Amino acid sequence: MTTTIAQQEVALVDLVDRLLGGGVVIAGDITLAVADVDLVYVQLRALVSAVATAQEKGVMPRMGNAL
Amino acid sequence: MIELYAIAEQPPPDVPSPLVTVPAGSLVAVCGPADDEVTPETLWHRETVLEGLMADRNLLPVRYGTRVEDEEAAARAVDERREHLGAALERVRGAVELSVRAVGEAGGAVHEPLLALARDAVVGRPQAPETHCAAYLVDRAAVQEFVDTVAALQRTTTNVQVLCTGPWPPYSFATP
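Here the protein sequences line up with chains A and B, keeping their order.
Its first residue numbered 152, the first sequence is counted upward by one per residue in the working numbering.
Its first residue numbered 28, the second sequence is counted upward by one per residue in the working numbering.
Worth flagging that the hints you see were computed from the coordinates, not collected in a lab.
Mixed in with the good hints there might be a few duds.
Unchecked claim - Computed spacing ranges between beta-carbons, pair by pair:
id, chain 1, residue 1, chain 2, residue 2, range
1, A, V176, B, A178, 20 to 26 Å
2, A, V176, B, P60, 16 to 22 Å
3, A, V176, B, R182, 23 to 29 Å
4, B, T185, A, V176, 39 to 45 Å
5, A, G172, B, G135, 17 to 23 Å
6, B, N186, A, V176, 34 to 40 Å
7, B, Q171, A, V176, 28 to 34 Å
8, B, P203, A, G172, 26 to 32 Å
9, B, A168, A, V176, 18 to 24 Å
10, A, V176, B, E172, 18 to 24 Å
11, A, G172, B, E110, 23 to 29 Å
Claimed, not checked - Here are a few chain B residues that face chain A, going by a calculated C-beta distance under 7 Å:
id, residue
12, L87
13, G121
14, A169
15, Y198
16, S199
17, P203
Fair warning: this is a prediction, and the values are worked out from it, not measured in the lab.
Backbone N, C-alpha and C fix where the C-beta goes; we use that ideal spot for every residue, glycine too.
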């Protein structure tokens with residue numbers, strides 16, 4: 152499968168959604184700086200929009216790189 | 028401080044240094060150093076570690092950034108939740124998570140055929156321009172069929188682009 156930068160970005164968005172929003176909550180103490188998380192999210196959401204735009208133009212393959 | 032990475036079952040998995048395994052009854056906490064900052068590289072590194080562990084194991088990924096004082100505190104935190112964690116491990120036993128995003132008018136049309144192949148699903152709120160965003164809990168043996176179905180949906184559904192990634196550890200199904 153061809154791997155493109157766009158595919159890696161989609162996988163990164165999926166990763167961030169999962170790591171920061173998923174997983175079992177064990178302790179009340181999640182000491183991740185909120186500012187860090189917000190920054191990562193904003194950057195990644197911009198990437199998703201870019202990927203979607205690229206898709207509309209038909210310039211990227213259909214599957215994420217992790218498969 | 029150390030960070031909790033994942034919960035697995037006894038016997039303890041082999042982990043690469045500097046990770047450690049902390050026994051807690053029938054469960055094992057996989058712990059490691061906490062990242063100083065959040066970057067795509069640190070997140071991918073965590074994912075790589077968990078993928079290595081899940082190659083031949085059932086595990087529950089722990090919410091990123093979960094820190095405890097030391098190994099003793101990790102064991103205590105797991106032991107206090109052993110029933111909850113045991114039930115959560117049962118839920119994901121033998122399965123992995125696949126992510127599907129769809130962009131286009133009829134994005135929701137991909138959900139039913141994919142759900143039919145999955146053990147469970149969590150549908151998220153799609154953020155524009157996405158029209159469908161969901162995580163599917165899929166038996167390891169059914170992953171190929173799921174991926175083939177995604178490809179078939181892509182071919183047969185007009186005006187939709189489907190993005191599928193995985194297999195992921197069961198981040199979205201880590202509660203019982």
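A quick look at each hint next to the structure:
1. A/V176 with B/A178: 20 to 26 Å: violated (35 Å)
2. A/V176 with B/P60: 16 to 22 Å: Hint holds: Cβ distance 20 Å, inside 16 to 22 Å.
3. A/V176 with B/R182: 23 to 29 Å: With a Cβ separation near 40 Å, A/V176 and B/R182 fall outside 23 to 29 Å, so the hint is violated.
4. B/T185 with A/V176: 39 to 45 Å: Roughly 41 Å apart at Cβ, these two residues keep to the hinted range, so it holds.
5. A/G172 with B/G135: 17 to 23 Å: Once the Cβ atoms are compared, 21 Å apart, the range 17 to 23 Å for B/G135 and A/G172 holds.
6. B/N186 with A/V176: 34 to 40 Å: Holds, at about 39 Å.
7. B/Q171 with A/V176: 28 to 34 Å: holds (32 Å)
8. B/P203 with A/G172: 26 to 32 Å: violated (18 Å)
9. B/A168 with A/V176: 18 to 24 Å: Violated, since B/A168 and A/V176 (Cβ atoms, about 30 Å apart) do not stay within the stated range.
10. A/V176 with B/E172: 18 to 24 Å: violated (32 Å)
11. A/G172 with B/E110: 23 to 29 Å: holds (24 Å)
12. L87: holds (5 Å)
13. G121: Result: violated, 18 Å to nearest chain A Cβ.
14. A169: Where the cut-off is 7 Å and the nearest Cβ of chain A is about 14 Å from B/A169, the hint is violated.
15. Y198: holds (3 Å)
16. S199: B/S199 check passes; min Cβ-Cβ to chain A is 5 Å, inside 7 Å.
17. P203: violated (9 Å)
In this structure, the earlier hints numbered 1, 3, 8, 9, 10, 13, 14, 17 are contradicted, and the remaining ones agree with it.
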